[in-house]
Amino acid sequence: MAERYVSTLELDAKAEAAPWARRHVRDVLRAWQVTDEDIDTTELAVCELVSNAVQHVAPDSPDARVTLTLRHDNAQLIAEVADPSDRPPVAACATAEDAEGGRGLLIVGELCKAWDYYPLPTGGKVVWCAIALA
Numbered sequence: 018m019a020e021r022y023v024s025t026l027e028l029d030a031k032a033e034a035a036p037w038a039r040r041h042v043r044d045v046l047r048a049w050q051v052t053d054e055d056i057d058t059t060e061l062a063v064c065e066l067v068s069n070a071v072q073h074v075a076p077d078s079p080d081a082r083v084t085l086t087l088r089h090d091n092a093q094l095i096a097e098v099a100d101p102s103d104r105p106p107v108a109a110c111a112t113a114e115d116a117e118g119g120r121g122l123l124i125v126g127e128l129c130k131a132w133d134y135y136p137l138p139t140g141g142k143v144v145w146c147a148i149a150l151a
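If you read the sequence shown in the numbering used here, its first letter stands for residue 18, the second for the next number, and so on.
A few of these clues could be false.
Claimed, not checked - Straight line, CA to CA, 30 Å or less: simulated BS3-like cross-link-like pairs of lysine-lysine:
#: 1; residue 1: K31; residue 2: K142
#: 2; residue 1: K142; residue 2: K130
#: 3; residue 1: K31; residue 2: K130
Hint data in this document are derived by calculation from the structure and do not stem from the laboratory.
In this text, all values refer to a predicted model and were calculated from it rather than measured experimentally.
Take the sequences, apply the hints, and build the full model.
Shown next as structure tokens:
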């Protein structure tokens with residue numbers, strides 16, 4: 018199936034990346050006339066992916082960047098977050114009810130029809146998720 022739209026945003030791997038990514042998702046998906054419900058789902062999934070990338074990349078390289086790519090076709094939206102870390106993502110369960118982390122990929126798994134990752138030939142990886150559109 019051919020892509021209808023593609024958008025890319027490069028961000029510093031810092032705490033501010035997630036809010037900027039959310040704003041980008043909202044603005045781009047509104048322009049693509051995606052439903053509000055699907056925008057909300059995509060915003061949350063992207064925020065989790067970007068936050069996870071920032072958390073695991075920033076300690077390794079203070080000048081690191083993450084790249085968000087959104088791909089839209091008629092049936093789904095693919096969100097990809099590329100980062101320079103070779104460490105694969107792990108869907109770990111938070112150990113305590115009040116834990117502040119450990120649920121991101123579990124949330125992505127519940128929101129999306131699929132998620133996974135692949136290594137980049139130049140180093141780093143891309144973590145992606147697919148959201149079925151209404």
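Structure-based check of all given hints:
1. K31 to K142: Distance of about 18 Å is within 30 Å: holds.
2. K142 to K130: Holds, because 20 Å separates the two Cα atoms, which is no more than 30 Å.
3. K31 to K130: holds, 28 Å
Of the numbered hints listed earlier, not one is contradicted by the structure.
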